[in-house]
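From first to last, the protein sequence lines are chains A and B. In terms of the working numbering, the first sequence has 48 at position 48, counting the first letter as 1, and numbering is strictly consecutive. In terms of the working numbering, the second sequence has 9 at position 9, counting the first letter as 1, and numbering is strictly consecutive.
To be clear, the hints were calculated from the coordinates, so they are not data collected in a lab. Take these hints with a grain of salt, some might be off.
As the list claims (entries may be wrong) - Derived pair list, reagent style PhoX-like, types lysine-lysine, alpha-carbon separation capped at 25 Å:
| id | chain 1 | residue 1 | chain 2 | residue 2 |
| --- | --- | --- | --- | --- |
| 1 | B | Lys192 | A | Lys87 |
| 2 | B | Lys153 | B | Lys192 |
| 3 | B | Lys282 | A | Lys87 |
| 4 | A | Lys261 | B | Lys192 |
| 5 | A | Lys87 | A | Lys261 |
Each chain, letter by letter, is given below.
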Amino acid sequence: MSWRNELLAVWAVTLRNALMGSRNVFFFFELLFWPIVGVLSIGLMSRFLELTPEQASFVLVGTIALSVINVCQLEVAYAVLLDVWSKSLKHQFLAPIGIRHLTLGSWVVGMVRSSVVFVLLTVLGWWAFDFEVLRPGWLALGTFLMGCFLTAWVVGVAVCALITLFGNRAEAFAWATVNLVLVLAGIYYPVSVLPDWIAVIARAIPLTYFLDAYRSYYGFPSEFATPVATGLALSVVYGALAHWAFLAAIQRARRTGLLLKMSE
Amino acid sequence: MVSSNRMLAIDARDVEKTFRSGWLRRRETHALRGVSLAVERGSIFGLLGPNGAGKTTLLSILATLLTPDRGQVLVLGHDVVREASVLRRRLNMASGRPSFLWSLRVGEIIAFYGRLYGLSGARLRRRVETLIELCELQPYRRVPYSDLSTGLKQRVALAKSLVNEPELLFLDEPTLGLDPDVSVRVREHIAKLRREQGITIVLTTHYMREADQLCDEIAFIKAGRILSRGTPGELKRRIRLGEVIALRLDPRRVTWLAEAPGVLRCVEVDGWVECTVDEAEKRLPELLRALHNDGVVIRNVQVREPELEEVFVELAK
């Protein structure tokens, strides 16, 4: 496949997801309502507990990261979910495209949507709770956001693989697992407060390292030697594993007939 | 041998497919049991059979949506398992129960799939316009898919299936649930595609008349096996259903007709008495003579081959 066709296939999926998103009122609900509720709840709780501005920033960074990842990973999962819901999956896999086009195209829309969420939440955090998002500088902010997007990509592709493996009844299970894993990444607390065996799991999650690196600019010394490099390396490994799992799930679905069952 | 293979759009040999389900996947459904099939390029090939016969399974394997358990399948000279990605550029599919993303509009659906097949810019716009015109979808270009009627959805599916100008087109029950006038137009489209663009078409259908009108060749499939194949005429002769002599007369006067020599069965249909006979050329004069001698007034006589439907019923037994 030529580079032109590669980009065109990714663009086709990007455009499709963007059109679907722009016509669904619930998509806007996902985009705004829950993230805003999250930041307001956590911000008000930090005020009630009389946390220092640094401590409040610590939990707000976690809350904003969770919202960004949730919005982005949901969009990546739409690579398969939209077609599963509309029972048009077979047309997608009848065309000469690979899963990379589906996941990358959806990821692009996910990054745009979650960037909007990020801007809204940081403005809200600054206005209501004096949260200074730019204190770490643009480079650290960019790295942190990229870490969130990479984590979302891994999670979204893993959800796609689970749904293709077990059918759409696996949706709830897939997201429950994903949210559990994310909470273990130290969204609201440092990994050091976790029991040893849970800390081991937390250290295996890329987001743990991106949060750690970003929070170090708010006066919380890093718990890891090279958090950004470790987070990136883990993201690449998990990304490759998730991609392989999705590919294997599609091949299995072609073998078992699940691909047809999830279609017309 | 090589040159004859080049003329084949599909060359499938001993294809087997078993679906497993239930607890520990112990329940087995043998969907295809050693199916072999050859379809010539540029022809319209019909797959007929009752529900659950294996038609859609076979079609899905040929279209690379399903992998066979055993057997070799070459489509347009490519192996459907090893060379699936090359093959997918050259084929497409539409089904009688189409489904696409609900809030995309007609033009957007065709354009989305066009981009997946490498079309862009002016070429994509031209292709979308051509297909919208071909499938008479102009007034519905901006209508969301979920707001379309069944017939319009099927036309969108047909338009989508032509977006890559396929050499081989699979149509899974293309006129299912359509009004008769729309069905006629869809059949005309199908015939035109082969006539004007030389596309090889493989279609599954329940409608015998459709298969009879459209197909150069037909295969009857039941319980995962091809029971018989040939041109519609060949099949009718091969099954030896006999020819039908239809007589318009007073049926109360001819109760003895079913017992006459060479008459295999006799039924009354819409004011006609239809006698299936072993050999119409020989039996027609005999019957007419006997009826004349009995003083029966014959108002009309027709001789015809059996309907494909009768062949289907016979094979499906």
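Would the hint linking B:Lys192 and A:Lys87 be met if the CA-CA limit is 25 Å? violated (29 Å)
Between A:Lys87 and A:Lys261, is the straight-line Cα distance small enough, at 25 Å or below? holds (9 Å)
Has the given pair, B:Lys282 with A:Lys87, been kept, meaning a C-alpha gap of at most 25 Å? Given pair B:Lys282, A:Lys87 is violated - Cα atoms ~57 Å apart, limit 25 Å.
Holds or violated: B:Lys153 and B:Lys192, Cα atoms, limit 25 Å. The given pair, whose Cα atoms are some 20 Å apart, holds under the 25 Å limit.
Does B:Lys192 sit within 25 Å of A:Lys261, going by the straight-line distance between their CA atoms? violated (32 Å)
Taken one by one, the earlier hints fail for this structure at numbers 1, 3 and 4, listed in ascending order.
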